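Peer 1: Read off the chains here:
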Amino acid sequence: MNLFSITMDSFKESMQLSARNMKIFIPSIVSLVINVIAVLAFIVILIWFIAVSDFSELPDSDFISVLRATLPLTISGLFIFGIAIPTVYTMIEAGILGMLKAVIQTGKASADDFFNGLKKYWFPIFIGLGIVGIILLVLLLSILPVVLVILAGVLTFGWAFIFSGLLINIYFGVWATILVADDRGAWQAIKQGFSFGNRFFWPLIIIFLSSVFITNYILNLAGSIPFVGLLGIPVIASIMSTYFKLVVMKFYLTVRPENSLSQTV
Amino acid sequence: MAKVLLIFDYLKEAFGVNRKNKLLYRPQVLLAVLKALTVLSGGMLIYFYVSGMLGTDLGLDNYSFSSLLSAFLVIIIAFILFWVVSAVFQSGLYYMYNRSVMTGEARASDFSYGIRQYLFKFLAIDLLTLLAWIVFLPLYLIIGLFTLFSGFTIVPVFVSIFLGMWKVSIISDECSIFTALKNSFKFAGKFFAAYSVFMLIVFAFTSPVQKAEGIRIVADLVSTAIDSIKDEKATTPDNPFLTPDFEPDSSLNYQFDTYLDSPAYKYSNIEPSDISSYDMDLVPYRTSLDLKDSTTDSMNSFLEVMGILFIMGVAALSIGTFLSSLIKMIFDVFFGLAMFVVYKNKFQIIAPEQSEEVPK
Chain A
6 MNLFSITMDS FKESMQLSAR NMKIFIPSIV SLVINVIAVL AFIVILIWFI AVSDFSELPD
66 SDFISVLRAT LPLTISGLFI FGIAIPTVYT MIEAGILGML KAVIQTGKAS ADDFFNGLKK
126 YWFPIFIGLG IVGIILLVLL LSILPVVLVI LAGVLTFGWA FIFSGLLINI YFGVWATILV
186 ADDRGAWQAI KQGFSFGNRF FWPLIIIFLS SVFITNYILN LAGSIPFVGL LGIPVIASIM
246 STYFKLVVMK FYLTVRPENS LSQTV
Chain B
68 MAKVLLIFDY LKEAFGVNRK NKLLYRPQVL LAVLKALTVL SGGMLIYFYV SGMLGTDLGL
128 DNYSFSSLLS AFLVIIIAFI LFWVVSAVFQ SGLYYMYNRS VMTGEARASD FSYGIRQYLF
188 KFLAIDLLTL LAWIVFLPLY LIIGLFTLFS GFTIVPVFVS IFLGMWKVSI ISDECSIFTA
248 LKNSFKFAGK FFAAYSVFML IVFAFTSPVQ KAEGIRIVAD LVSTAIDSIK DEKATTPDNP
308 FLTPDFEPDS SLNYQFDTYL DSPAYKYSNI EPSDISSYDM DLVPYRTSLD LKDSTTDSMN
368 SFLEVMGILF IMGVAALSIG TFLSSLIKMI FDVFFGLAMF VVYKNKFQII APEQSEEVPK
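Protein chains in written order, with the numbering used here: chain A, 6 to 270; chain B, 68 to 427.
What the hints contain is simulated information worked out from the structure, not anything from laboratory work.
Model, not experiment: these values are computed from the prediction.
Some hints could be false.
Said to hold, decoys possible - Below, in silico cross-link-like pairs of lysine-lysine (DSS-like), each with a Cα-Cα straight-line distance of 30 Å or less: (1) K413(B) x K87(B); (2) K413(B) x K257(B); (3) K188(B) x K87(B); (4) K413(B) x K17(A); (5) K28(A) x K124(A); (6) K28(A) x K17(A); (7) K395(B) x K102(B); (8) K17(A) x K70(B); (9) K411(B) x K70(B); (10) K17(A) x K253(B); (11) K70(B) x K395(B); (12) K113(A) x K70(B); (13) K17(A) x K257(B); (14) K411(B) x K395(B); (15) K411(B) x K17(A); (16) K196(A) x K125(A); (17) K253(B) x K411(B); (18) K89(B) x K413(B); (19) K411(B) x K188(B); (20) K113(A) x K17(A); (21) K395(B) x K17(A); (22) K413(B) x K188(B); (23) K395(B) x K413(B); (24) K17(A) x K89(B); (25) K102(B) x K87(B); (26) K188(B) x K102(B); (27) K124(A) x K113(A); (28) K395(B) x K87(B); (29) K87(B) x K17(A); (30) K70(B) x K28(A).
Excised from the complex, chain B in its bound form:
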């Protein structure tokens, strides 16, 4: 229990360091801007790609395998670039955290120094972690199934606890990747109870769970809005070609009976009594060609509207990415510092901090 209570003292120390080193936020702000620009450019790429496909013909069945493959490759390259950029920022930031905790102050040059010294080690750690997950995937699946699926959640938490100090150790101890891995395991094993409580607090603030909760609320709202728009569209008589039960017959002209059931009649002003006195040739019913032209026009308008909505959605997503990254940044910086404080102190009692005045 005494070691667990030390967590709060370490958080106090991390807060003090955080207050004196506002410089730590600059790389994170830049990363948030880059993320937002990535989302924006990705959205525009998708928009131009899809509208290019649709521009040739209404149907989507004209895409080729090679264009799909190139789109897939672009996505893979984008992921790799994103991973490398994240590692660049992480290596620079982690060194700044270390300098802040050890010396009390981080400098702007520490960021570039950290990138030069530790980028490839961080990339290697990420690759090794990925490889380990691939190698141990069958074991993970077996454990997950034998524990009635609880293992699927619990195992990653345990793995994250034991690997949590890997990158911290590489920088704090200035050692090799495998020595740092050993140090991380030793640290987690030696202080398991207190360290697990600390890591649970860190995960609670920085893991995707609470973000997913927020995103789930947004997704529920958006899907409710879409459902209500779809329901309205399904019942509105304004555009008969978008009603779910309408399917134009593209082969032959409508016969009289079929004409009475068609939307062309339903939305015209002709009454059955008027039709009976007309010769069939004079009945102003639509041909299949007319129907197909109307379908094309409506589809085009629909796609234009969808295109505009997509662009607005991408813009909103970019702003959302930026704002949510800024909020996440506060927790990332604070708990990043806390990790280094915990590793430095190794659950030993630290000296009491200096008194400061509380604002009135």
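This is chain A alone, in the form it adopts within the complex:
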């Protein structure tokens, strides 16, 4: 069986599994609601801060005074967007991956699988996110790759921008799946994710490209329908994101080195 067939089978079986276990989509929708609440909370804090504060002397003040005056807002913003949302995101991500692993291995997923995954994997994923974030920041700060991508992007009418995003997903988008699927540590999972991306480059391109194109197309269609766009788009995006995570995990569990299938092919 060739890799393309295995990839298509991953899509097919993921579709069957997700149709039979619709509850795997619930955590991502809950995550969406939490994000919306967090943003609304920040907006409320911002409005309250503007209402109670006196800004008349700010234009004539120095930088330290301005910083002191806006300190409560800065702290609440940093807390909400720098700590609360990433923490909640990693917790829910860990829970989702735990459910996906259970649904692939046993055919069923439950709330227990979510909470077990959350408890076991959220901290390693949190650490892993930090490491990957630093690696990507270093890459972005090296000007040459950015300049090359921009040049290539202009010459190919934007395709290079799409492919550069794909490359990041291929090399840095599978580690969380490996961390949960194989119970690895963060750094080991990142290393393994990189070499997995190297070895199964083309199937992963197909999976991530499909994720981008199909999700964008459906969102564009949904966005053209009034009222559906406002609520429907984030929900559809969450569902598509969970589905493609299931495809990645299914593909990984099929072809990972320990699996007998990969040894016969």
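Place chain B on chain A using the hints.
Peer 2: Positioned in the frame of chain A, the structure of chain B alone reads:
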């Protein structure tokens, strides 16, 4: 659900056929080269036309209605030529896809055979589709408005789904245009759910949407670059004749007060205290004629620079057209084959493929 899952089996079959028939890419590569040459020649035509207009006088108000009309006609003819050339390639390619799916192998002669047999039918289908859109345009607009503009997006998708197998049926079933249209409608109606999912996947990869996304990113970058260059130009003191608030007075010489406000003074080295001791006749202010000569020279340099930038832009556009066509080609060939596989199998279960080794 079972029929929807069959889509992935059909995509596997299409992939297998694609791998064995690399010949299918040759016409597409040629088409990509032709597209790039079209963009290049179109750009050069525009460049020579505009520079010819500007060469007579600085102002653009010397163009005549007949030259505009001829330019418009050239564009129309170019569009028609492009449409015919696309139909030529499409008819040849579609026949090659059919041969690949039915017999497992396409030959180079299939391309020319497909053109001979199906070119006029494909042109007729395109014309009929265009006419239908013109005839039903009021209905389309009404539906679009009554559905709060969502119809403007959804209706073309539905129409494309129902017409999607028209050209496929003409070749697969070797029938007339109207029989193929009926077959396309019947196919879409019979397998609507699964076929719609399949067509949504095809549109996601081959429609202008994702290309527009990429082009939007490029357009944002280019407009940001242009804005930053414009902002820089607006503030630089190097060329006073390009500052937004400068407007030369072409009628009279500047008076003393006006001279102090003029850029000619601002960019000279004369101080007000020095001027007051001079007789007015000796004040070295510029006449309107001097200003107009300077304006002409600056305009000419500006236009030269714009001309060079335009030529570079056209060259980059041609390369971009070629590269993006090559990338699009992969999806067009694969999903073209998939369309024929789906039509052939009609959402029935196909035999499992042979095993192949995965490279280590």
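Peer 1: All hints are to be evaluated individually against the structure, with a verdict given for each.
Peer 2: Now for the hints, and whether the structure bears them out:
no.	hint	verdict
1	K413(B) x K87(B)	23 Å, holds
2	K413(B) x K257(B)	9 Å, holds
3	K188(B) x K87(B)	28 Å, holds
4	K413(B) x K17(A)	18 Å, holds
5	K28(A) x K124(A)	19 Å, holds
6	K28(A) x K17(A)	18 Å, holds
7	K395(B) x K102(B)	13 Å, holds
8	K17(A) x K70(B)	11 Å, holds
9	K411(B) x K70(B)	14 Å, holds
10	K17(A) x K253(B)	26 Å, holds
11	K70(B) x K395(B)	28 Å, holds
12	K113(A) x K70(B)	23 Å, holds
13	K17(A) x K257(B)	22 Å, holds
14	K411(B) x K395(B)	24 Å, holds
15	K411(B) x K17(A)	21 Å, holds
16	K196(A) x K125(A)	20 Å, holds
17	K253(B) x K411(B)	14 Å, holds
18	K89(B) x K413(B)	25 Å, holds
19	K411(B) x K188(B)	21 Å, holds
20	K113(A) x K17(A)	17 Å, holds
21	K395(B) x K17(A)	25 Å, holds
22	K413(B) x K188(B)	24 Å, holds
23	K395(B) x K413(B)	26 Å, holds
24	K17(A) x K89(B)	27 Å, holds
25	K102(B) x K87(B)	27 Å, holds
26	K188(B) x K102(B)	23 Å, holds
27	K124(A) x K113(A)	19 Å, holds
28	K395(B) x K87(B)	20 Å, holds
29	K87(B) x K17(A)	24 Å, holds
30	K70(B) x K28(A)	23 Å, holds
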